[in-house]
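Asks: Residue numbers (the numbering used here), protein chains in the order written: chain A, 215 to 470; chain B, 215 to 470; chain C, 215 to 470; chain D, 215 to 470.
Calculated from the structure, these hints are not laboratory results. Among the hints, erroneous ones may be present.
Identical copies go unnamed one by one, so any copy, or any two together, can satisfy a pair.
Stated by the list, open to error - Listed next, the in silico EDC-like pairs over lysine to aspartate or glutamate satisfying Cα-Cα at most 20 Å (straight line):
#1 Lys338 x Asp388
#2 Lys338 x Asp292
#3 Lys338 x Glu269
#4 Lys338 x Asp433
#5 Lys338 x Glu369
#6 Lys338 x Glu396
#7 Lys338 x Glu456
#8 Lys338 x Asp424
#9 Lys338 x Asp440
#10 Lys338 x Asp403
4 protein chains.
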Amino acid sequence: MSTVDLNADLGESFGRWILGDDTGMLRVVTSANVACGFHAGDPATLLSVCRQAAEGGVVVGAQVGYRDLAGFGRRFMDVAPQDLTADVMYQIGALQGLAAAAGTAVRYVKPHGALYNAVVRHEKQAAAVVAAVHAVDPGLAVLGLPGSVLLQLAETAGLRTVTEAFADRAYRSDGSLLPRTEPGAVLTDATEVAGRMVRLVRDGVVEAADGTPLRLRPDSVCVHGDSPGGVAMATAVRSLLEGAGVRVAAFLTTAG
Amino acid sequence: MSTVDLNADLGESFGRWILGDDTGMLRVVTSANVACGFHAGDPATLLSVCRQAAEGGVVVGAQVGYRDLAGFGRRFMDVAPQDLTADVMYQIGALQGLAAAAGTAVRYVKPHGALYNAVVRHEKQAAAVVAAVHAVDPGLAVLGLPGSVLLQLAETAGLRTVTEAFADRAYRSDGSLLPRTEPGAVLTDATEVAGRMVRLVRDGVVEAADGTPLRLRPDSVCVHGDSPGGVAMATAVRSLLEGAGVRVAAFLTTAG
Amino acid sequence: MSTVDLNADLGESFGRWILGDDTGMLRVVTSANVACGFHAGDPATLLSVCRQAAEGGVVVGAQVGYRDLAGFGRRFMDVAPQDLTADVMYQIGALQGLAAAAGTAVRYVKPHGALYNAVVRHEKQAAAVVAAVHAVDPGLAVLGLPGSVLLQLAETAGLRTVTEAFADRAYRSDGSLLPRTEPGAVLTDATEVAGRMVRLVRDGVVEAADGTPLRLRPDSVCVHGDSPGGVAMATAVRSLLEGAGVRVAAFLTTAG
Amino acid sequence: MSTVDLNADLGESFGRWILGDDTGMLRVVTSANVACGFHAGDPATLLSVCRQAAEGGVVVGAQVGYRDLAGFGRRFMDVAPQDLTADVMYQIGALQGLAAAAGTAVRYVKPHGALYNAVVRHEKQAAAVVAAVHAVDPGLAVLGLPGSVLLQLAETAGLRTVTEAFADRAYRSDGSLLPRTEPGAVLTDATEVAGRMVRLVRDGVVEAADGTPLRLRPDSVCVHGDSPGGVAMATAVRSLLEGAGVRVAAFLTTAG
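Generate coordinates for the entire structure from the input sequences, incorporating the hints supplied.
Replies: If you want it as structure tokens, here you go:
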């Protein structure tokens, strides 16, 4: 029987600005990539998400990003590696403090936005992230794109690595994501998305935008909560996966 | 034989802006109140201070403040208690992450600037700080002004409390600090300052600005590192204390 | 025939975070209090609002606030008057730059949130705001609460003053607003709100929360755009006012 | 008789953090590139610099940068052109507001740090800056590197362009600056620096790091105020230039 994790980006509100439906998503996903305040997430929001994750048995990960609230961490920044390492340590620690207060713990780290894309190939920034994770707690897993430099370096460093596929994003034939700026980059039909994921988890195949069948064996499927209908789509994906006999479960336990 | 701790505010640089001589002060003090990024302190600076503190056997505390870089945390902010609690948890956790990466640990919490002054009397903000410390780690001590609401509430909550006197600040006859805006609020003569502290630690007496003798039994003496000559003054205070037979030692160990 | 202005707070999105329906509100109001980046409003959003205001003939005002994105400017900050003056100058100028680029001009200034409330009575902060407005451009009007220290000082300084009433907020019998934290502080029934405003503009009377009739002669009525249904309520207020023979028009022209 | 302008980056303090000696530099330079708050510069500092510039007859320019206080604007950011345009408009306007309050006016724009380097070749970001300057005020000049895309596009747009040389920076043989990370990138000997500038202004030649003579005819020479000895070096450069019969004067007048 196949097993897969469902992860989503959560805690991305900031003060007066609400983004996504954290409470709704926490009822569907098994792992929560919780923002850490640099690209999004005020402390009170993050604490609330950690508390709800603790109550719901959802595993908490630290979603670390560039220090860029105005750009939501979606703009590449040429941060010096030693600064990036310290920035990532700071963010992981901040969420650890809130998670501890909420009775749970940070179990993994996932880069966000432009940093996520950068560390697919940018060796220095990828190494900076890995160094931070390892130094704060070598028991933390790293969640990222299959084949990324990030995961290669994390593995070399002895960290547990976890791969993911994107439920609602179109792929290019080389396995990379079609950029958001391209037409068709974001898939919006819940049934289509859910069907793709069932095929991916069961058969290890997803179709690229040009029709090429891609072979992937992701440990986790990422669903997005910041779009209208995000919860509905995540729910559809989960239902169809379970209906197809796939077990949806976190890749880690909530306790350390 | 009397014993006293020497503490100073450190890690208050931010990016291109350097403030104080962290390396110099870490050779003199026994406890370092390390900024946590809200009023000052970029992560790379904080990591560097934690590493040097670890090497030098200096105990690390989290100096938590209002989210106000432009005002250096010196302006009262009417933050809602539940938001302040989460802000303090976030800051403690962030420094814990950096301290762990540096091979040491956060052992105590000291509010900074306007928050320090607010929690002398502001019950809701004091309670918010105490709730944060307790929830993140009830083993953390709280450093503050003798007689403050903060320390009363911390004690009630079962937290270890530590009192401090200010080496270079003038006192009013009620034991509160003369505000920085008043003439004579900051003492600059190293010999005078050191002499006051020897008398305070040995005899438990310090003279207020109006000449009233104040009875205090501080666990720690705060010296300031952000003024020119800060290291020299701290060194003078330490030398004179030790010359007078006072043992200068941290109130806690570096390990948890 | 009575005339009244309709104003609303606009431009309060920030990067990825969208707040309110600026485009919808600009079709209804005659004056736009455009955020200036300190409590809300990224430059691209502000530019877009200025452009739409220019196209729609809506007068642009600078909605200045405390430097507090995380608190949306809703937390009192004890900012030193000379710093507040410079902060307000900076914000007005920033919006002037964007307004000029959009082919329009800033014509008035309205404080936001906690600063709005502070300058009702806080003489030093009120004087700081007035000094800023006067120094940047003495042709700017000041929009505020009737009877506030802000408007008194603005008048003394020779600035044009404009008073406002709040369409969807409950009043206390002394003419101040019932704080948002009180039950019933925000009115949500569009018909009731519109009816109150018709009576206010035509008869100069609005009923306080305790039933006391308050006599007010506001130059402008403030409607809120950051709540769901904000545009619908503003539209209802405008329709009912016009149906009752009130002319809805800006208190200033768009050109300087 | 040759004439040259002397410009320096000023207003780069931020709140509690002081950087450089603005007052000292304003006695030496003829044009002040005043920070605008995105990479450095709190409003009260900027206002003070504008006032001193107004008193001293120093021309004020807007030194615009990326929104990156933690990185001092020295890290490339992949900002979308339309966002960068609005960011630059906002910064120019903010300084215009402060300059107006100080009785002077912004006369030119100079990009700072990583943005300065980016717009040497990055067409989209260069065009975004030019569009902003032109839209806010087509009477503003643009100060930049000779041969940069920025100045080419500014000229095409009908803006006045001004070229500069760097007094204390080493050049590569292609006319670009040796990056700060290279040894010898920053020159520290005041006499050598002053001698280079006299030769440059009089003969139009400066020697690159590899000995190649570079032919340049800069309208302005940039001296740096954020290093210890900055004022002394700027004074030496000015004295030697004047001693060699060069007239040191702004390329624009202070009034618009």
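Asks: With identical chains treated as interchangeable, where does the CA-CA distance between Lys338 and Asp433 reach 20 Å or less: within a copy, between copies, both, or neither?
Replies: Close neither inside one copy (25 Å) nor across copies (39 Å); limit 20 Å.
Asks: Indicate which option fits the pair Lys338, Asp403 if close means a Cα-Cα distance not exceeding 20 Å: within, between, both or neither.
Replies: neither (38 Å within a copy, 35 Å between copies)
Asks: When Cα atoms must be at most 20 Å apart, do Lys338 and Glu269 count as within-copy, between-copy, both, or neither?
Replies: neither (38 Å within a copy, 27 Å between copies)
Asks: Regarding Lys338 and Asp440, is the shortest C-alpha distance of 20 Å or less found within a copy, between copies, in both, or in neither?
Replies: neither (30 Å within a copy, 29 Å between copies)
Asks: Regarding Lys338 and Asp388, is the shortest C-alpha distance of 20 Å or less found within a copy, between copies, in both, or in neither?
Replies: neither (22 Å within a copy, 28 Å between copies)
Asks: Pop the pair Lys338 and Glu396 into one bin, within, between, both or neither, using alpha-carbon distances up to 20 Å.
Replies: Close across copies (19 Å), not inside one copy (28 Å); limit 20 Å.
Asks: Is it within, between, both, or neither for Lys338 and Glu369, if the alpha carbons may be no more than 20 Å apart?
Replies: Within one copy only: 16 Å inside, 38 Å across.
Asks: Tell me, please, which holds for Lys338 and Glu456 at an alpha-carbon limit of 20 Å: within, between, both or neither?
Replies: neither (40 Å within a copy, 48 Å between copies)
Asks: Since the copies are identical, ignore which copy is meant and state whether Lys338 and Asp292 lie within 20 Å (CA to CA) inside a copy, between copies, both or neither.
Replies: Both. Shortest intra-copy (10 Å) and inter-copy (18 Å) distances satisfy the 20 Å Cα cut-off.
Asks: As a check of your reading, is Lys338 near Asp424 (CA-CA no more than 20 Å) within one copy, between copies, both or neither?
Replies: For Lys338 and Asp424, the Cα distance exceeds 20 Å both inside one copy (32 Å) and across copies (30 Å).
Hint compliance for this structure: hints 1, 3, 4, 7, 8, 9 and 10 are not met, and every other hint is.
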